[in-house]
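So the protein sequences, as listed, match chains A and B.
With the first letter of the first sequence counted as 1, position 5 gets the number 5 in our numbering; the numbers rise by one all the way through.
With the first letter of the second sequence counted as 1, position 59 gets the number 59 in our numbering; the numbers rise by one all the way through.
Calculated from the structure, these hints are not laboratory results.
One should not assume that every hint holds.
[What the hints assert, rightly or not] Examples of chain B residues toward chain A, derived with CB under 8 Å:
#, residue
1, Ser42
2, Thr108
3, Arg111
In this text, a Cβ means the ideal position worked out from N, Cα and C, and glycines have one as well.
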Amino acid sequence: KAGVTQTPRYLIKTRGQQVTLSCSPISGHRSVSWYQQTPGQGLQFLFEYFSETQRNKGNFPGRFSGRQFSNSRSEMNVSTLELGDSALYLCASSYTGTGINTEAFFGQGTRLTVV
Amino acid sequence: AQTVTQSQPEMSVQEAETVTLSCTYDTSESDYYLFWYKQPPSRQMILVIRQEAYKQQNATENRFSVNFQKAAKSFSLKISDSQLGDAAMYFCAYRSGNFGNEKLTFGTGTRLTIIP
Numbered sequence: 001k002a003g004v005t006q007t008p009r010y011l012i013k014t015r016g017q018q019v020t021l022s023c024s025p026i027s028g029h030r031s032v033s034w035y036q037q038t039p040g041q042g043l044q045f046l047f048e049y050f051s052e053t054q055r056n057k058g059n060f061p062g063r064f065s066g067r068q069f070s071n072s073r074s075e076m077n078v079s080t081l082e083l084g085d086s087a088l089y090l091c092a093s094s095y096t097g098t099g100i101n102t103e104a105f106f107g108q109g110t111r112l113t114v115v
Numbered sequence: 001a002q003t004v005t006q007s008q009p010e011m012s013v014q015e016a017e018t019v020t021l022s023c024t025y026d027t028s029e030s031d032y033y034l035f036w037y038k039q040p041p042s043r044q045m046i047l048v049i050r051q052e053a054y055k056q057q058n059a060t061e062n063r064f065s066v067n068f069q070k071a072a073k074s075f076s077l078k079i080s081d082s083q084l085g086d087a088a089m090y091f092c093a094y095r096s097g098n099f100g101n102e103k104l105t106f107g108t109g110t111r112l113t114i115i116p
């Protein structure tokens, strides 16, 4: 069974540009969450999507947005990039159903560098 | 809001010895899950072990076990017979037991070094 796949693995962008990151969850998983990891702030929750709807949101500015498609694949978009957006962005998927909660499985991340 | 604290930024242990990583958390919820994740240099977060708050028995996975003290809000990870492949960042994480809340709250991590 394939794991969580994130593309691209590495990105270099210029300040002011926008970027889109992609995440394909494990087959059958309908929940996709995104996290930002930086040396200064650690791991912070961005948002979670389930059945194409944003279900939970962290404390990030509106420049950070996401969406989920009918096949559960998710994209995260950051507009007007700032130097402080340089980070490792991690995607996690989990299977959720009525009365069922399982652990989150993570992808290898996308390393975004803003110059 | 829930918080997770890991007070040991770095730990080291001799190969084949035992090491314990500490984690405390704060929550007003009675139903929740606790996890230990490992992040090697490859950066992928790998689940090591999970504990449901309603279970009194401590979780065990091969060489990994936890000491879950619910009243003290403590959740430590014990690694027995440490191996070189155990070297990584270890993160303690909390998740609410409310259905539909998949958010993980992480601690700041402990970097574990294995000394050959």
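Results of checking the hints against the structure:
1. Ser42: This interface hint holds because 7 Å falls under the 8 Å limit.
2. Thr108: Result: holds, 5 Å to nearest chain A Cβ.
3. Arg111: 12 Å, violated
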